[in-house]
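For the sequence shown, full-length UniProt numbering begins at 1 and goes up steadily by one.
Hints were generated in silico from the structure; no laboratory data involved.
Only a predicted model underlies this, so the values are computations on that prediction, with no experimental measurement involved.
Take these hints with a grain of salt, some might be off.
List of simulated lysine-lysine pairs, DSS-like, C-alpha gap at most 30 angstroms [unchecked claim]:
1) LYS98 x LYS249
2) LYS98 x LYS134
3) LYS175 x LYS134
Restraint ranges, calculated between C-beta atoms of paired labels, are given here [as the list claims (entries may be wrong)]:
4) MET77 x ARG115: 50 to 60 angstroms
5) HIS184 x ASP129: 23 to 33 angstroms
6) ASP208 x ALA74: 48 to 58 angstroms
7) ASN52 x ASP183: 33 to 43 angstroms
Every residue, glycine too, gets a C-beta built ideally from N, C-alpha and C.
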Amino acid sequence: MSTPSFALGSFAGDGGTPFPALVIGELVHPLAGLPGFEGIRSMLDLFDDWDNLWPLLRDQAARRAADPGPRALAASMLQAVAPIVPRQIICSGANYRKHVIDIMIDQDHGLNVGRSREERRIEAVRVMDHRAAKGQPFAFLKPFSSILGPFDDLAVPADSEQLDWELELGVVIGKPARRVGRDHALDHVAGYVVVNDISVRDHLYRPDVPQLGLDWVSGKSGPGMLPMGPLIVPAAFVADPQQLMITLKLNGEVMQHESTADMIFPIARLIEAFSVHMQLLPGDIICTGSPSGNGTHFGRFLRPGDVMEGTIEGLGTQRNRCVAERLAEGAVLHRPFVPLEPA
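I would like the entire structure built from these sequences, with the hints used as guidance.
Laid out in structure tokens, this is it:
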């Protein structure tokens, strides 16, 4: 019996508790209803025992493809929620060559003062060549409270005018990884998922303490700042994760359209680097960085009424509408960072 391609997702019906499921075509099979998966109540439960459950999952997929059975549900009748709520979300910053070069050219402060755009481009290329050859990945963490469903509305913060998109390939860890070399790093990957690392640009940079760099909590961690899904596609069905097209449309207009081949540090190197400094756990998500085409480059940021559609080749499409944040009475807003006056 051959194994069909399938995916994994989490769904809710009639306002009920979300449940993990096997997805084959347009049919959803709750995992808890499949033989051998009776105790699986969340996607984390599945990945915590991924090596043992993967063969059973393939077997059940083959059986359900041949005979869906009476417990199969139509995906159209369910609400797709974020496929997993991980313990840890690790994000790789500035990991696409063209994206970083664009950022370095667009900046008009610091070392760029007095330089032409061509001079900035030459310097940016030199820096990227050095980084790819001798550098290390740059990382930060996001809280799981930032996760948003693949079709949920995104609340635009009332105190921001620079909400930006960053569509990315998400990597789902399938077994613990600690000090893992790049040659074996992909053995620790269970699957891949679409993620969007939303950024509040005007809360990210700290002119009051420029020596300390970026403020990741202020700029990356709010509710809804990580739309995820709709599905997790097992690694076995992704022939080459470094050859996937990433496309983000804003109100139907293509803003990002680049290949994962443009990563400075490929997935294996990210896992190697991150596992040196921390323990990667089953179900953890690694956001691998965003390609060029962010709002910062276009001078166009998200506002209520906008619709983002994010697609990664073979992994599906998420669609999030931007709405105005609804503030509770007495809500406290962000206080602008005040730079220190020159002495």
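Cross-check of the supplied hints:
| no. | hint | result |
| --- | --- | --- |
| 1 | LYS98 x LYS249 | holds, 18 angstroms |
| 2 | LYS98 x LYS134 | holds, 18 angstroms |
| 3 | LYS175 x LYS134 | holds, 28 angstroms |
| 4 | MET77 x ARG115: 50 to 60 angstroms | holds, 57 angstroms |
| 5 | HIS184 x ASP129: 23 to 33 angstroms | holds, 27 angstroms |
| 6 | ASP208 x ALA74: 48 to 58 angstroms | holds, 53 angstroms |
| 7 | ASN52 x ASP183: 33 to 43 angstroms | violated, 24 angstroms |
Of the hints listed earlier, the one the structure fails to meet is number 7.
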